[in-house]
Amino acid sequence: MPMHPFLRGMIAMSPILLGVIPFGLVMGAACATQNLSLVQILCFNLFVFAGASQFVALELMSQKAAIVVVVLSGVVINLRMLLYSAGISPYLKQTSFFKRMFAAYGITDQSYAVLMANEDKLKTNKETLCFYSGAAFAMAACWQLTVLLGYVFGNIAPASLNLDFAIPLSFVALVLPSMKSRSYYLVGICSAFFSVLLHDLPYSLGLLFSAFISLGLAVFFVLKKGRRL
Amino acid sequence: MNEKYFYICIFLLALGTYSIRFSFVGFSKKISLNDQFKKILSYIPAAVLPAMITPMVFFHKGEVANLAGKERFVALVFASVLCFFWRNMLVSLVSGLGLLYILTQL
Chain E
1 MPMHPFLRGM IAMSPILLGV IPFGLVMGAA CATQNLSLVQ ILCFNLFVFA
51 GASQFVALEL MSQKAAIVVV VLSGVVINLR MLLYSAGISP YLKQTSFFKR
101 MFAAYGITDQ SYAVLMANED KLKTNKETLC FYSGAAFAMA ACWQLTVLLG
151 YVFGNIAPAS LNLDFAIPLS FVALVLPSMK SRSYYLVGIC SAFFSVLLHD
201 LPYSLGLLFS AFISLGLAVF FVLKKGRRL
Chain S
1 MNEKYFYICI FLLALGTYSI RFSFVGFSKK ISLNDQFKKI LSYIPAAVLP
51 AMITPMVFFH KGEVANLAGK ERFVALVFAS VLCFFWRNML VSLVSGLGLL
101 YILTQL
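Residue numbers (the numbering used here), protein chains in the order written: chain E, 1 to 229; chain S, 1 to 106.
Just so you know, the hints here were simulated from the structure itself, not pulled from any lab data.
Owing to the predicted nature of the structure, the values given are computational and were not obtained by experimental measurement.
Think of the CB as a built atom: it goes at the ideal place given N, C-alpha and C, for glycine as much as any other residue.
Wrong hints could be hidden among the right ones.
Derived pair list, reagent style DSS-like, types lysine-lysine, alpha-carbon separation capped at 30 angstroms [claimed, not checked]:
1) E:Lys121 x E:Lys93
2) S:Lys4 x E:Lys126
3) S:Lys4 x E:Lys64
4) E:Lys225 x S:Lys39
5) E:Lys99 x E:Lys123
6) S:Lys4 x E:Lys180
7) S:Lys70 x E:Lys99
Covered, in the sense of this in silico footprint (three residues per stretch, anywhere, with C-beta under 8 angstroms from a C-beta of chain E), are these stretches of chain S [unchecked claim]:
8) 9-22
9) 37-51
10) 55-69
11) 76-82
12) 93-106
Okay, chain E solo, but in the shape it has when bound (with noise of 0.2 angstroms):
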């Protein structure tokens, strides 16, 4: 008998929650470093939801950055998810307008790669979003449950192993197959280079600037390829 597509999704999610325990621990301690409650960390978590964005904007609250700062660089460090949004909408088209809203909020740089790996060997719409609900749903339950464990117990990996540096790693894994070409790679190291220049600049500004300007020679790589054609 063939196994539930839920199934199969939580099942082909697990080597990437490989990525999510080291980074949920290390959210969770640096949480706890900050002195957030519970009830603090829990809306943080469950309303964000988004890893990356969570850990800039903790940093710079710390650092008491004007609201406006930590709001900016948190939702351009999220404006992927526009691109995952986009990716996962055909999929869509026929399922209600609730189930959509769940959907949408399992949106995460895991899950929507595990979608897209496997997504040749998802034959209907309906097997397809039971088998995302499923990866979505193991990520969700994954980071929650390491982000309070790493608050409740600190990090409990010894200090050697410099665990908060499968941070940085494991989104290396997740950038580099979304690059196809050359032109990405010159922007992903557009992107690089412009961070580590500006980054003296106050409130993660050079992020913000660093993103804008990457997109803005992803947009005309685009156009000049759109114009040959």
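Starting from the known structure of chain E, arrange chain S on it as the hints suggest.
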């Protein structure tokens, strides 16, 4: 951290993030995207994520004098090269954390 400040930030960030997630999913019946726009969207991770990761690693205060305290950057480049060929989460984590462990413990 001031409670009011925290909740205002979180509320707005949550609102912004959910709006991004819901954007195309919510209005998929009404809008169809042209290919050029989709192409631009596909560049977003490449444009945003390196700007987030690189300073975090490059400006990390390291401890290995021979590498001018940049051992994390070395490990990140190493892991990226391996990950380029294998495109795998486990390869990235094990090679990066492993090399960093060796560099800092030796």
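Going through the hints against the structure:
1. E:Lys121 x E:Lys93: holds (20 angstroms)
2. S:Lys4 x E:Lys126: violated (43 angstroms)
3. S:Lys4 x E:Lys64: holds (12 angstroms)
4. E:Lys225 x S:Lys39: Distance ~11 angstroms between Lys225 (chain E) and Lys39 (chain S) Cα, so the pair holds.
5. E:Lys99 x E:Lys123: holds (20 angstroms)
6. S:Lys4 x E:Lys180: Violated, because 44 angstroms separates the two Cα atoms, which is more than 30 angstroms.
7. S:Lys70 x E:Lys99: violated (47 angstroms)
8. 9-22: holds (count 12)
9. 37-51: With 14 residues in contact (Cβ-Cβ under 8 angstroms with chain E), the coverage given for the segment 37-51 of chain S holds.
10. 55-69: holds (count 5)
11. 76-82: holds (count 3)
12. 93-106: holds (count 7)
Checked against the numbered hints above, the structure breaks hints 2, 6, 7 and satisfies the rest.
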